[in-house]
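Sequences listed follow chains F and P, in order. Residue numbers are given in numbering that gives the first Met the number 0: position 142 of the first sequence equals residue 141, and the series is strictly consecutive. Residue numbers are given in numbering that gives the first Met the number 0: position 121 of the second sequence equals residue 120, and the series is strictly consecutive.
FYI, nobody ran anything at the bench for these hints, they're computed from the structure. Watch out, some of these pointers could steer you wrong.
What the hints assert, rightly or not - Under the rule of at most 20 Å between Cα atoms (straight-line distance), these lysine to aspartate or glutamate pairs were calculated in the DMTMM-like manner:
#, chain 1, residue 1, chain 2, residue 2
1, F, K157, P, D28
2, F, K164, P, D24
3, F, K29, P, E131
All values reported here derive from a predicted model rather than from experimental measurement.
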Amino acid sequence: MRKSLTTLAVACAAFLATSAFGQTPEEVKKGVEQYREMLELGNPAELYALKGEALFKKKRGPKNASLEQCDFGKGPGVLKGVYAEMPRYFADTGKVQDLESRLVTCMVQLQGISEKDATKRPFGNADKPSENEQLVAYIVSQSYGDPINIKLDNPKMKEAYEIGKRLFFYRAGPWDFSCATCHAEENTRIRLQDLPVLSSPAGAKAAMTTWPAYRVSNSQLKTMEWRINDCYRQMRFPEPNFISDSVIALTTYLAYTANGGVYKGPGIKR
Amino acid sequence: MKKALIAAAAGALVVAGCASMKEMDAKYDAEVVQWMKRDFHARGIATMDRLDQDEVQRVCTQYDNKPPEAMAKQIEAGEMKKIKLPSDGKYMGDWKAGQKIAQRGRGMTWRDKPGSTNGGSCYNCHQLSTAELSFGTIGPSLNQFGKKRGYTVANQKYVYEKIYDSKAFTACSNMPRLGLSGTLTEQQIKDVTAYLMDPNSPVNK
Numbered sequence: 000m001r002k003s004l005t006t007l008a009v010a011c012a013a014f015l016a017t018s019a020f021g022q023t024p025e026e027v028k029k030g031v032e033q034y035r036e037m038l039e040l041g042n043p044a045e046l047y048a049l050k051g052e053a054l055f056k057k058k059r060g061p062k063n064a065s066l067e068q069c070d071f072g073k074g075p076g077v078l079k080g081v082y083a084e085m086p087r088y089f090a091d092t093g094k095v096q097d098l099e100s101r102l103v104t105c106m107v108q109l110q111g112i113s114e115k116d117a118t119k120r121p122f123g124n125a126d127k128p129s130e131n132e133q134l135v136a137y138i139v140s141q142s143y144g145d146p147i148n149i150k151l152d153n154p155k156m157k158e159a160y161e162i163g164k165r166l167f168f169y170r171a172g173p174w175d176f177s178c179a180t181c182h183a184e185e186n187t188r189i190r191l192q193d194l195p196v197l198s199s200p201a202g203a204k205a206a207m208t209t210w211p212a213y214r215v216s217n218s219q220l221k222t223m224e225w226r227i228n229d230c231y232r233q234m235r236f237p238e239p240n241f242i243s244d245s246v247i248a249l250t251t252y253l254a255y256t257a258n259g260g261v262y263k264g265p266g267i268k269r
Numbered sequence: 000m001k002k003a004l005i006a007a008a009a010g011a012l013v014v015a016g017c018a019s020m021k022e023m024d025a026k027y028d029a030e031v032v033q034w035m036k037r038d039f040h041a042r043g044i045a046t047m048d049r050l051d052q053d054e055v056q057r058v059c060t061q062y063d064n065k066p067p068e069a070m071a072k073q074i075e076a077g078e079m080k081k082i083k084l085p086s087d088g089k090y091m092g093d094w095k096a097g098q099k100i101a102q103r104g105r106g107m108t109w110r111d112k113p114g115s116t117n118g119g120s121c122y123n124c125h126q127l128s129t130a131e132l133s134f135g136t137i138g139p140s141l142n143q144f145g146k147k148r149g150y151t152v153a154n155q156k157y158v159y160e161k162i163y164d165s166k167a168f169t170a171c172s173n174m175p176r177l178g179l180s181g182t183l184t185e186q187q188i189k190d191v192t193a194y195l196m197d198p199n200s201p202v203n204k
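Chain P on its own, in the form it takes in the complex (with noise of 0.2 Å):
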């Protein structure tokens, strides 16, 4: 009996720390925000409505980025209803200047000028035309994409979409939604496409 009652007491010892350090995680959670917010200052284009997390962020932070497939489901169908098509129904710009776009890493930073340029850093992640050395592994390698995936005009589309927002496609996807942010313009955007797009662009030779 003795035994038994010391048993229980150190049962309800262990819930009741499992249930304060939840508390304590819930506590931390709350006050990421908080502390950003205090240490952080506005500094050129950077400003301080940066650290507010969009429906997207916080589910893909809360989740680890693995959300429940359901909650997947549903950002990627919100996501797909935020993109602009371009208004004369074309995908394709050129794809000489759509490399300019993939090679160019500026833009967004509190180091960047309002209005100026921005490139889409596409290298920095991707591999796409094999003459280009220096490119980063955190996206997959997109070299022969259109060769590959077929020249057709659904594929265009699905590249367009996916430059302007990636979370159309993958809830949690590492890459930036560069049309949704207003960091590419549709004609960057069409630029971009026909750089993995046209059957004359180095990345399909």
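Next comes chain F alone, as it looks inside the complex (with noise of 0.2 Å):
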């Protein structure tokens, strides 16, 4: 570990002597390309992870229990996969849910923890990472190399797809924005920043496979969450409710377009 991060420090330090004036905008591409390479030799997500893993077996709440025998789609305490194939219906909630609002289900369930101390702050800061933030990292790196495997085998799965199909494509706002305004043609990019076409598997892959993921520009673990929150912040939106069914609807749309990607999470971006 102490090693990656030595690596991570190099990595930073080549970047910013390399991003002097002066060059060619494929030069600067360039660089930022070989940056993303050495980051992922050190990616503080590992330590997100490790501090979620001793949070999940940590007994606490009123029921003084751990998260071990959460149920996320494979039985209780099963973790290996399971995000791949998320978000999924359950049955004993009758609702289609991404991993982060089964976390809630899971600590008001098992630890008797209340609903709005489970989701007080799903969001944390460089400073202070929120709970949510290192038990997502903990999960998703337990699906590391399993396909992604959205079924649509449900009426509850289908609508899901169907409405976050829909909100994908829909524009209002001050300035006329959809997702798919920035994420619907190829080859295009805000700024540097290249811009994965989320309609199609390819893109939808390329983003599904790595979200959840360490943000160096926030120094920060990010979850799929917050990317859908932050998108629609920059698109001039009203902010949509965490773990609400239209942000879960949306992740599934995305999700299933990705379906057969192999999950290489948590990843690393700018």
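Put the two chains together into one complex; each comes in its own frame, and the hints tell you how they fit.
In structure tokens:
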């Protein structure tokens, strides 16, 4: 771990040293790509996953229980590969749930924590990460190498997919944006940031196999709920509620489109 | 006869299936807004009425940004009427101020304070001056815009109008309607116009 952090520091220094003016756009882009490759050698998301594991196994809440018996869709206590099949339909809640929503369910059911407390601080900051972020980092790391496999084998899953698809293309707000404004055309970027075409399998796979991710510009691990939240902020929309059906529907559309992609997260982003 | 009946029955089933698929599609179409209104909340200046589509947004969503030509023409004519030209008849401001506005990406989000100065976010999607290497490519390169098109008053007016309301020229343009939405002031649009149209601007060097 220490070695990989040293590698990270060297990579940062190398990047800063080469990011001078007077380069062509291609050179700048290549520099950014090199920087990202080097970062993958020492992804700080590992630290989040370690803290998340401790938190997951710790007895907490009024019921003084851990989250170890949480059922993420493959039975109580099974973590291997579960994230690659989420969002999914859960019969006990009668709802389509993403990972972050399911974690709340388990905190309420197993630990006796109130839903209000469990959703109080989903997104942290660089100084103080949220427990949600740490737990997410741990759980998703247990799906590394597993193919994304979302099945629309339930009317609620079909509904989530169909609504999610429509949310993706819904233009509104003062700037007339939809998700598709930035994510529906090949080979485009905002400033120097490449934009995946999320309505195509290749683009959706690129995104969904690498989120959640440690984001260097925020010095923090960011979850999928956060990713969608911050897109809506930049689209100049009102704010989506955490673990709301709409966010989960949009995630279902993206994840289904990414089916077959091999999960490689938690990833690392600019 | 029996075969024909079976075929007819199967055909009827297919037709019924298609009809119900269409019904489901219409149901989902109608439900999207309800989902959003239930699942979003106002935060700061980002109020809930932002989820309501105006006619342009509704048509562009419905036709996947490719409305029938007559409908597109109708939108463009309607948007043209919404453009407020500068009261003093001058389209050009200060290109140096325009450069700052083109660089600035802040404004109109739930984090921005009411009354704060908005940017135009131009570089997010367009190349302008070649000195700025960090530019987006969702929109076309506007480098050398004035030099290539000609430094005419007619072109100044076009640039002003395009920034004010892009949909007056392309019904379902990706570009925000920066004047109509109240993102940029008259003076700011003049400044950005100058950034594109002033012979001394780095955009035209």
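Hint by hint, which ones does this structure get wrong, listed from lowest number up?
-> none
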